[in-house]
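**Student:** Each chain is listed here by its residues.
There are 4 protein chains.
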Amino acid sequence: VSQAVSGEERAPGAYGALRRLWGLLRFESRAAPPLVRPDLPRDDKAKLRQLMRDWLTARDGEVSARAQAAELGYLYLELSPRGRRRYLKVLKEALEVDGEDLARAARAFLESPDAKSYLELREAVVPPRVRFLKMLNSLPSGFKFLVDLRADLLSFLDGAPELTELDYDLQTLFELWFDVSLLTFEEISWDSRASLLEKLIEYEAVHKIHSWADLKNRLDRDRRCYAFFHPKIPNEPLIFVEVALTEGIPASIHELLDEEAPLQDPDKATTAVFYSISNTQKGLRGISFGTFLLKRVIDDLTRHLPRLKTFVTLSPIPGFRRWLFEEGIKHLEPAELARLEAELPALLDEPGWHHNEALAQALKEPLLRLAACYLLEVQEGGKPLDPVARFHILNGARVERLNWLADTSPSGLDQSLGLMVNYLYKPDELESNHEMFFQEGKIAASPALRRLLRRTKRETA
Amino acid sequence: VSQAVSGEERAPGAYGALRRLWGLLRFESRAAPPLVRPDLPRDDKAKLRQLMRDWLTARDGEVSARAQAAELGYLYLELSPRGRRRYLKVLKEALEVDGEDLARAARAFLESPDAKSYLELREAVVPPRVRFLKMLNSLPSGFKFLVDLRADLLSFLDGAPELTELDYDLQTLFELWFDVSLLTFEEISWDSRASLLEKLIEYEAVHKIHSWADLKNRLDRDRRCYAFFHPKIPNEPLIFVEVALTEGIPASIHELLDEEAPLQDPDKATTAVFYSISNTQKGLRGISFGTFLLKRVIDDLTRHLPRLKTFVTLSPIPGFRRWLFEEGIKHLEPAELARLEAELPALLDEPGWHHNEALAQALKEPLLRLAACYLLEVQEGGKPLDPVARFHILNGARVERLNWLADTSPSGLDQSLGLMVNYLYKPDELESNHEMFFQEGKIAASPALRRLLRRTKRETA
Amino acid sequence: VSQAVSGEERAPGAYGALRRLWGLLRFESRAAPPLVRPDLPRDDKAKLRQLMRDWLTARDGEVSARAQAAELGYLYLELSPRGRRRYLKVLKEALEVDGEDLARAARAFLESPDAKSYLELREAVVPPRVRFLKMLNSLPSGFKFLVDLRADLLSFLDGAPELTELDYDLQTLFELWFDVSLLTFEEISWDSRASLLEKLIEYEAVHKIHSWADLKNRLDRDRRCYAFFHPKIPNEPLIFVEVALTEGIPASIHELLDEEAPLQDPDKATTAVFYSISNTQKGLRGISFGTFLLKRVIDDLTRHLPRLKTFVTLSPIPGFRRWLFEEGIKHLEPAELARLEAELPALLDEPGWHHNEALAQALKEPLLRLAACYLLEVQEGGKPLDPVARFHILNGARVERLNWLADTSPSGLDQSLGLMVNYLYKPDELESNHEMFFQEGKIAASPALRRLLRRTKRETA
Amino acid sequence: VSQAVSGEERAPGAYGALRRLWGLLRFESRAAPPLVRPDLPRDDKAKLRQLMRDWLTARDGEVSARAQAAELGYLYLELSPRGRRRYLKVLKEALEVDGEDLARAARAFLESPDAKSYLELREAVVPPRVRFLKMLNSLPSGFKFLVDLRADLLSFLDGAPELTELDYDLQTLFELWFDVSLLTFEEISWDSRASLLEKLIEYEAVHKIHSWADLKNRLDRDRRCYAFFHPKIPNEPLIFVEVALTEGIPASIHELLDEEAPLQDPDKATTAVFYSISNTQKGLRGISFGTFLLKRVIDDLTRHLPRLKTFVTLSPIPGFRRWLFEEGIKHLEPAELARLEAELPALLDEPGWHHNEALAQALKEPLLRLAACYLLEVQEGGKPLDPVARFHILNGARVERLNWLADTSPSGLDQSLGLMVNYLYKPDELESNHEMFFQEGKIAASPALRRLLRRTKRETA
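Protein chains in written order, with the numbering used here: chain A, 898 to 1358; chain B, 898 to 1358; chain C, 898 to 1358; chain D, 898 to 1358.
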């Protein structure tokens, strides 16, 4: 039984259920059919602008204001991507802050900066868009609607910088509505509902889940999976982490994903390996949950499995290959560079280079050294350049071990040249590592990593 | 991550989790390793017999009796199929009713049939096996253990008729422990836990579920699935029925199983089609739930979807082909028989006969007539011969419509020659149909079916 | 808002909700008004007998048989106590076992005692009443109905011994339907639903709960309460135990029931005190849950509060006063008897005797000695005479300590002369104590108790 | 078992559990004992200010910032009311917006009002207090902590107007954190947990609940109770409404609160009476839930009890007596005034005046007229003066009926002179009534009320 395919002219996917739901709402309130065409041509834009202005002036009559907002929200659902971009621009402008009011309030504050003028200024900077977005939010499934709307908006932002202020409105709201204190922390298991588990398959961003059997393997008795949920988006994990319980730090992702590997006894495990962390909602960009999630997971695991002593990731180095060919080779001393000049191109040109043992052997040591350098030395704006490294190092984790040929999947080779890295979460040291980084700019690393790095430096010295 | 494969010498499957669990229990009570070998050779049988006798005499000390029963239960788990058969025979004999006691009680009752002698007789007929089985039952997951044990026993029964009394013990217990008043009625949906849904895939007995996508289709918004559960076997439906909500009575199973078919609007549906009913526990043979389940489903659907007016099955006719070639052809008049003699063999010899349009056309009418005859006239022991027909007709359903080429899957062709039948459940008529059948032996059938039948008779007359 | 008072002619209480529910059922099936009068006079008895015989012969038509059973069940609800007694007698007789069949089966078995004749005998002893009771059970709330019906029956039994066989039917069914393996073990707390908590107030049988404040005190953070529930009687605990977490063995019930006493820190507690155990369903007499409940409670407490080392009761000695005045004084040596002759009558005649310090002081030592004698020496049928002692001693508990003036409530004085006793549950010793009692007839007791007893004996020697 | 009484020097109540919880947190992080004294004398204020500044500068190190915030939050719990007032003032000042930054941003915007200067201004107006409050919120039970903190703050506001800006911070946060779209709507019944039901007893603000029996009456089968909950304050209803199901509009609160009144059949009820609405959290003043709650309740009742046609309140007129003696008597014509001059004082001086039938009779008609005038004519700031009238009239309800001697409890007489009013919620008219009021200033009223009012006017004309 396939869902009715939505017309081509409509934006795909996420809004399907919502359109049905809000369509019913409109029907109940005997609303007319959509007033605008999917692409929102010029005269429809004018119509939309007028509807928004009507909403703005109807403020006192809350009930009808709500019905108007529902109508306006429904309009959005019916639009094509092009129409949505136009809609958001109209929204930005039609419900703009009153410039004169704001200027007046700013002047009043400058003249006499007291509590009264200050609070009036604080009121005046908030545009009526915010009230409109709050009203949309109070419709059924409003939270998910706004998150998806912001995902649309972010995809338009490059070509439409004038939407920045609207994005700011949304981000301000989301910072409170998706405050981590509002989220619920839940374990996901093979006993979770199928409608939720299929979301894991959909959202897994690091190591694709290929089948329900693959998923079941990742939820077996020697695995754990945890997520944060928002109470009003109950069937969508906002972020989730997959954990393997092992007896040592694994050196390759393949042993964890192998469905035929023998089951470990979770009561004997000493190590919890975070091998995949996925943010699921593009529309929540900039709202960060990962740090809190890992902290909660470590707490929970420690309580239930007191034998666990080591908490460690098995992570990709997604920016490594790009950096290597753009910048990294400069870090090589001339002799080595000369030597590698024959071999490095294979990384680009030979898809199966890692099967060539001689080649792999020759590349291993220099690549590990360069990766250590990349992770520990290369920064941008005072923070590690690699996005994954940045996340874990800011959390206070220690760069523990580099693993050679640890992910030879196409994307693993493409981004990380097959390397993976373990970041070690020592509960006692997280805070001091974090402080050390911020106060001295020093990244915590294992002695082995430090040695690798020293060798690099000696050579480049 | 694959589960550790149990040794070949052990019986497969269902007891895996239990063995782990009860093994732990034994460990807690510092039990020794299993005392017997998997196949339970002669001397081990003797040992087992002695253990059972020890249990029997230890009756006063409940605590240790329980520990002994746990040990004896664990023994069973460790046995091979051959060992289990021997175990059950030992159990039957070692905990046999005391023949002398019983004879004495029988004589006392015959001499002076009063309340006292009656109750003593009633006590004396119950063998100590029953108390032993009750003690096993009180171990963790004891219900599932006994159900699986009876499934073993039923598979041995042909070759070991002396186990009949043990089976009687179990059936007597199950009639109360699995009394329908103890079961819970639950809807199963795509929001059910995956660990339960995979049981549907495993247990579906009528139309195999090929994949999770197939399963999801059967749990879509225009479908319903209901089951009975036992409170102490929470993750196993004892029986479940799959329902499609449609706007008319479907004539083929393929339209229901087609994952690409458009989604129906459940609020517009007028008809609920029971297209698959599966009993899942072999060990509960003879304990009947189906009638109650359908009644509850009809109640539930009526309450939630008041537009539903028609409740109907789409059922196989599993005994049809066999009957046809053994008996049915005798019902044909000579002329027709002669004509069909050229065609009928195709049903046996040409796997793709239904693609041959001329052939199919020639067979259609006679086969429909014979099927009507089979369903409405062919009985055994006063009840319809076809097991599916028997179930629905005893429930008071009416034989409504025969559908040509309605299930052309291999098993559909193999058992039912591609035919399917709709049984109609009219809530108002169930009781009177039922009474009519029992009092007059008459099966309720639609006028169309009656006409088909009359034609058959006229021809055979 | 008060519930409509049921007419005087009706039996009180428990069936109220059921009558409403089954009344609706009858309405749905368009049943006529009740056919009999509340007291079931002679001609109504005849009518009832006929209805039961009709039910018996309608066996094949399950649907209508069920409707008839519902009608017959509803009839019972409408009767007065006198009418119910008559109803049960009619039920006993009308659905009696077929005496001739049974005699025939008994003879057949005696002649040729094989599997066939044995199973036929086993069938023949079961009266059709059993099938009727099972059908009643499958009505909504049928379990609770039958439990209450048996409570009625037990209250009639003294005056109507002919109901014994019907009671046997019910007990046989209940042994399986209320098998402890079917029950759920639950903690009850101040977070439980009020409709359940009010049942505790209603059912507490040992130390009456006087108010919701009293109840809340018993569910505070330093208390625990556990119960067994039947899955089909979800709002009624079948048995529950109240536990206090303390730092030593308490010597008086008053310190536990004092709502003003300071809250203990449960994490510092070393001792769990079972200070009240209540069976709630009179109709389940003879079906025992207490032993299992205490075992589960000890398991649960041990797991959650590993500091707990001592599990002990604080129990009444309900038969002590009665025994003392009937038998116990004979155990005194003449000198002491003479001395006490002046004092013992106060126990009977002066309600506030325990406030008289001199008197209390004089009585203390002899009463403690006599209580030790009563608990450890006085038996009936090989088991302790005192019902509470019998329960705990058979469980393998040790008689640990007698407490003077430990319950000076009216009932505490009336039954136990103010004494209470601690029975100690040492998990490791339960089984050996139990065996010791059954094999040697020896009751486990603390050295202090033994000393008390020896003194008694020396004196009486 | 009484909770340990907190020292006198501490503020009472609500924070008890929190103090224990956060005390544990501090212990885990090995925090020192509280650094300040309960009353926060001058030097402790300085210490506190320094701690807050430290927090402010530690911004980069999130982990330690969080620990510092926890310490600062715990400090608050340990303070006396006087200390808390001082704490809040320190908080207000120490984490104040940077005045120079803000002035600079204001000037930049005035000079060049573009997106960049606008967003910078928007950032600059938000004080660091907001970030601090968000960090407190993320501690366990942080939501409840902040709500209670604001309740404290509101009680200080009269004497400390400089706290207004801090209150604005909190209100801004609460508007999003307690947005109605985040709340859950739940029915409360006698099956709810006791720990929740005792909150109803505590929070009922209109008609005090005197006992658990009184509460049970209000949750009987002919009653309903609904509430909004915040997902992170699960055991506290934020607002709840009590509903009676009746067969007509009740004229007195006493018939609803009478525990002895006969139970109504909810399936026959035509009318749902909202007879008590209580906001429970003082700290959420200004965050409004009532309108949404009534809408949800009407939806829910309509769906489950389709016979319900009338939705109506039975409400007090809390400002009536005060208004009557301050203003109302001026509305009387001289003759009537003269006549009433003898009688009105009784309302003030004779507590039992309503038992004096002659007096009551004489007062009835003029008081009803004056009440009609008060409800329909007396406004302040364009809205009804009476707070309860204001709420319902702004919701679009119609003033339906005045009821004489409808609440003769002390508070009923004291505030409303015994009168009560029914506001009628006609789902179809709510919006138009609301619009009518806002556009024409006209209040919807029943013809009877209109007549009463006309008579008043005629007389005063």
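If you're looking for bench data, these hints aren't it; they were derived computationally from the structure. Mixed in with the good hints there might be a few duds.
For identical chains, the list gives no copy identity; a pair is met inside one copy or between any two copies.
Using 30 Å as the maximum straight-line C-alpha spacing, the simulated DSBU-like pairs for lysine-lysine come out as follows [to be verified]: (1) Lys989 to Lys1013; (2) Lys1096 to Lys1013; (3) Lys1031 to Lys1323; (4) Lys1096 to Lys1129; (5) Lys1323 to Lys942; (6) Lys1096 to Lys942; (7) Lys1280 to Lys1113; (8) Lys1105 to Lys1280; (9) Lys986 to Lys1105; (10) Lys1031 to Lys1227; (11) Lys1280 to Lys1031; (12) Lys986 to Lys1013; (13) Lys1113 to Lys1179; (14) Lys942 to Lys986; (15) Lys1129 to Lys1179; (16) Lys1105 to Lys1192; (17) Lys1280 to Lys1013; (18) Lys1165 to Lys1105; (19) Lys1227 to Lys1013; (20) Lys1013 to Lys1179; (21) Lys944 to Lys1031; (22) Lys942 to Lys1113; (23) Lys986 to Lys944; (24) Lys986 to Lys1323.
**Student:** Take the hints in turn and mark each one as holding or not.
**Tutor:** Against the structure, the hints come out as follows:
Both within a single protomer and between protomers do Lys989 and Lys1013 lie at most 30 Å apart by alpha-carbon distance, with minima of 28 Å and 15 Å respectively. Neither within a single protomer nor between protomers do Lys1096 and Lys1013 lie at most 30 Å apart by alpha-carbon distance, with minima of 50 Å and 38 Å respectively. When the C-alpha separation of Lys1031 and Lys1323 is checked against a cutoff of 30 Å, the pair qualifies only between copies, where the shortest distance is 27 Å, while the shortest distance within a copy is 41 Å. With identical chains, the CA atoms of Lys1096 and Lys1129 are at most 30 Å apart both within one copy (16 Å) and between copies (25 Å).
Taking the shortest alpha-carbon separations for Lys1323 and Lys942, neither the intra-copy value of 56 Å nor the inter-copy value of 37 Å comes in at or below 30 Å. When the C-alpha separation of Lys1096 and Lys942 is checked against a cutoff of 30 Å, the pair qualifies neither within a copy, at 36 Å, nor between copies, at 52 Å. For the identical chains of this complex, Lys1280 and Lys1113 are neighbours neither inside a copy (37 Å) nor across copies (46 Å), given an alpha-carbon limit of 30 Å. Within a single copy, Lys1105 and Lys1280 get their C-alpha atoms as close as 28 Å, which meets the 30 Å cut-off; across copies the closest is 56 Å, which misses it.
Taking the shortest Cα distances, Lys986 and Lys1105 never come within 30 Å of each other, neither inside one copy (36 Å) nor across copies (52 Å). Taking the shortest alpha-carbon separations for Lys1031 and Lys1227, neither the intra-copy value of 52 Å nor the inter-copy value of 45 Å comes in at or below 30 Å. For a Cα distance limit of 30 Å, the shortest separation of Lys1280 from Lys1031 across copies, 25 Å, qualifies, whereas the shortest one inside one copy, 35 Å, does not. In this assembly of identical chains, Lys986 and Lys1013 lie within 30 Å of each other by CA distance solely across copies; the values are 17 Å between and 33 Å within a copy.
Taking the shortest alpha-carbon separations for Lys1113 and Lys1179, both the intra-copy value of 26 Å and the inter-copy value of 26 Å come in at or below 30 Å. Proximity of Lys942 and Lys986 under a CA criterion of 30 Å is satisfied intra-copy only: 10 Å inside one chain copy versus 50 Å between copies. Proximity of Lys1129 and Lys1179 under a CA criterion of 30 Å is satisfied in both settings, with 17 Å inside one chain copy and 25 Å between copies. Taking CA atoms no more than 30 Å apart as the test, Lys1105 paired with Lys1192 passes inside one copy only; the shortest distance there is 24 Å, against 45 Å between copies.
For a Cα distance limit of 30 Å, the shortest separation of Lys1280 from Lys1013 across copies, 25 Å, qualifies, whereas the shortest one inside one copy, 41 Å, does not. Taking the closest pair of Cα atoms, Lys1165 and Lys1105 come within 30 Å of each other only inside a single copy of the chain (28 Å); across copies the shortest separation is 39 Å, beyond that limit. Taking identical chains as interchangeable, the C-alpha atoms of Lys1227 and Lys1013 are never at most 30 Å apart, the minima being 59 Å within one chain and 38 Å between chains. Taking CA atoms no more than 30 Å apart as the test, Lys1013 paired with Lys1179 passes between copies only; the shortest distance there is 24 Å, against 39 Å inside one copy.
When the C-alpha separation of Lys944 and Lys1031 is checked against a cutoff of 30 Å, the pair qualifies only within one copy, where the shortest distance is 22 Å, while the shortest distance between copies is 40 Å. Taking the shortest Cα distances, Lys942 and Lys1113 never come within 30 Å of each other, neither inside one copy (49 Å) nor across copies (41 Å). In this homomeric assembly, Lys986 and Lys944 come within 30 Å of each other (Cα to Cα) only inside a single copy, at 14 Å, whereas the closest approach across copies is 50 Å. Taking identical chains as interchangeable, the C-alpha atoms of Lys986 and Lys1323 are never at most 30 Å apart, the minima being 48 Å within one chain and 39 Å between chains.
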